[in-house]
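One line per chain: the protein sequences are A and B, in this order. All letters in the first sequence, in the order written, are residues 1 to 494 by this note's numbering. All letters in the second sequence, in the order written, are residues 1 to 494 by this note's numbering.
Each hint should be verified, as a subset may be incorrect.
[Said to hold, decoys possible] Listed next, the in silico SDA-like pairs over lysine to any residue satisfying Cα-Cα at most 20 Å (straight line): (1) B:K291 to B:A255; (2) A:K291 to A:G170; (3) B:K225 to B:G401; (4) A:K225 to A:L394; (5) A:K291 to B:K291; (6) A:K408 to A:D476; (7) A:K291 to B:Y99; (8) B:K347 to B:H388; (9) A:K291 to B:R95; (10) B:K291 to A:Y99; (11) B:K291 to A:S92; (12) B:K291 to A:D476.
[Stated by the list, open to error] Far from chain A by the CB rule (all over 10 Å, computed), these chain B residues: (13) R31; (14) E75; (15) A104; (16) R155; (17) G238; (18) R251; (19) S295; (20) L314; (21) A378; (22) H388; (23) G407; (24) R410; (25) M491.
[Claimed, not checked] Sample of chain A residues at the chain B side, in silico, Cβ under 7 Å: (26) A32; (27) R95; (28) V139; (29) I258; (30) Q456.
Because the hints were derived from the structure by calculation, they are not lab data. For each residue, glycine too, the CB sits at the ideal point set by N, CA and C.
Protein chains: 2
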Amino acid sequence: MRARALPIETGGEAMVFMHEDCPVARSEGFRARARVEIVANGHTLLATLYRATGELLADDEVGIPHSLLDRLSLEDGEELTVRHPQPLSSLSNVRGKLYGHRLAEPGLQAIISDIAGGRYSDVEIAAFVSGFAAQPVDVEETAALTRAMLAAGDRMQWPADRVMDKHCVGGLPGNRTTPIVVAIVAAAGLSMPKTSSRAITSPAGTADTMETMAPVALDIPAMQKVVEREGGCIVWGGSVNLSPADDVLIRIERALDIDSDAQLVASVLSKKLAAGSTHVLLDLPVGPTAKIRNSQGADALTHLLETVGTQCGLKIAAMQTDGTQPVGRGIGPALEAHDVLAVLGNKDSGPADLRERALALAAGLLELEGTSRNDARAAATSLLVEGHAEAKFLRICEAQGGFRTPGKARQTRDIVAPRPGRIAAFDNRRLARIAKLAGAPQRAAAGIVLHTRVGQMVERGEPLFTIHSESRGELDYAYTYAARNEDVVRMEAP
Amino acid sequence: MRARALPIETGGEAMVFMHEDCPVARSEGFRARARVEIVANGHTLLATLYRATGELLADDEVGIPHSLLDRLSLEDGEELTVRHPQPLSSLSNVRGKLYGHRLAEPGLQAIISDIAGGRYSDVEIAAFVSGFAAQPVDVEETAALTRAMLAAGDRMQWPADRVMDKHCVGGLPGNRTTPIVVAIVAAAGLSMPKTSSRAITSPAGTADTMETMAPVALDIPAMQKVVEREGGCIVWGGSVNLSPADDVLIRIERALDIDSDAQLVASVLSKKLAAGSTHVLLDLPVGPTAKIRNSQGADALTHLLETVGTQCGLKIAAMQTDGTQPVGRGIGPALEAHDVLAVLGNKDSGPADLRERALALAAGLLELEGTSRNDARAAATSLLVEGHAEAKFLRICEAQGGFRTPGKARQTRDIVAPRPGRIAAFDNRRLARIAKLAGAPQRAAAGIVLHTRVGQMVERGEPLFTIHSESRGELDYAYTYAARNEDVVRMEAP
């Protein structure tokens, strides 16, 4: 059989096509949606087979999406073999978990190694994710899952023996503390090589926000150079292969909207361990429209994170924070960057809540590293107030390729209060949706700016928030949705 | 957007393609593997979106596999709309089941109706199947699932108020009792309109075997005419839309190799109810390489089948049978048909075990209908021995379009005993695999013929079984596998 590149993009899903009259498919008994193994140049790839019925392919060709050809180091037209895959023996462990058996570490490692190697279909991954959601998972299993996910990817190394890290579990719009925390901690002389993600379902990831102020797509040697010079960095983690199984699991968990504390803990901790971190502070926003809905859930998660993290050799603490409303004013990459710069510059326009959270997290990291609580808070505050954090941040930006000023959107439109009253609550999820409809994160300057906080009194006609867009179409789109969802900002009678 | 037919066949999976530069996909924020809703001509279809990157599509085209165009009653080039789907509210019931909540009937009906309507992705179906495997399911839930699956499809009606049916749970190679049982029961004057399946993973389904003796692809009016004239029929059920959700669930259960008694019971009973049956006898083969491995499992399943079946208004009984070795001699459509005809003709070559099972099942149905046990067995036996069953079978074949003699394969090769000994066991699964490698069921005359039974003594070089194939290539393929898997027939020292 010969490879034939197909001009399609499957988002990482392994699918191949063979002609319905292909003699190999017939004699091997390959049916539509069968799992097949492609072998070429010493690489193997498990894929789902579909049939081509017309002139898309010759009957001795195997159609392969071009992105998958790279995974096989294969060129269009080259020879390959298609065969029945060996049964995946690790699937019996998945079935065992579904039927209520405990998973031992070797079984978990076999599963995770097969998932990271692309050998599980989405349906099989869904069964694994479901098993962890449906059956109790104990601390030992969670720790074993963490180690298995760590073992399946690369691991970064740093010259410092203490490597600081922070992570926010479950997004909260505008919660862009990372650039401020890294600046303070690095200004304190500690090492904090931070890799951050781009937005997946949110209007901005830390990497998107940071990118409006400096380049973030650094490879590992470039990142190491920045950290060597400045102690800290804020770069995009996407070019690094840390915990590859986690990315796959997250995609299926998101599709099903199910997760388990065990998988959340293993996901977070395996990535921190793979990044070479030794001291990790976790930010857990708790609120009715946040990922963690109540303090019971937060307490259980805190306990599991701290226990498993400690077992895996981390100095770790989790901090429960207010998740009832967005943080700062801006929601969207550049709008959040303006908030970050205002806090770093000690401007009056710097949102007090963003400043307070960043200080608490920075102090928490200093404390985790050994400073007393009072000294840690005082040190973090003075590094910010005296301008050391801002100076450090600008030097980090320079080291990453040069500071730039985040942009401003061309089109804006206010959403005003329909009646006088007191702000009772924000719906974080629908606010995020409005910011995305306005163009965030693809258009860096798009998003929304909030003008009110919970508890505040407003008059009829007073602006509640402003939509920022780069085009009239996107502005209208976001405005229409916002106007139809008046209760995104819930108001009570004055 | 305009529809563009793509020459691919996805085996029922709903996938569509849009160009990466498509402005609609960009402005709506559709990512690769997003779920999208296609609207055209008043039909809607939920599908998974993939991207085309080259010249496969124009950027205002939506590429749709041609088989899916039919589901939308859409022609190549016609207008359609692509939009974000409404969230599937029934998914919260799936998550509830995973988290251990009982599923009430309305929740189950919403799930099954969405699955039958093609609104669940494979990943979502996998989570549903996993939930039923991982959490306890009680009798009420099983009955509710049965009714929900029944409600999601068509239901057949018959003039007789007593409609006999039989079903074998979990295949056993060669267990082709149905044509014999239908012939005896119809010869006894009862109504038995049997719809059977083609092979999915086995070397022969009842419909495949029957097709070597008479046409089986009858539509409902034609089937009704046969039953009106002869009391019974044996036709392919594939042209009838009975319990459509079941076909979807079975596909995912098979991919995961997981199932639950609840889903098995609902699957079997919903199809029997949809076929209009009132009296159902179930054949449960029990053996180490059968679907039901031991008598404990068989007892639990028998209890659940009988309780739920009775709740759903059926007269029902389950009969546990020997599942330790194949039934009859032939494995493969025509080879099994030869066994069936030999039993019906009371020939010496008629396998005794096939005859005995068919008689037991036919007598079981007569007993279920009200005859005493002794009378039922005597009646079934005399109908067979006196030739009434054979005559009825031939008349049914004529009514279905004409009897024909099953063919014989051109190539055969023996597998012989490597040493003298006693036959200890057969591996049903690998015997089935050899028959499939030989060409069954696509080549009707292909398969294997067994020459020994468990307990029998054989000499070195004595034939254990013969492989039948239509081509030299298939014969060699099956022979090589059989020679490499000597322990398919396990032998003990004499």
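Problem set entry | Structure-inconsistent hints, enumerated in ascending order | 5, 12, 13, 18, 28, 30
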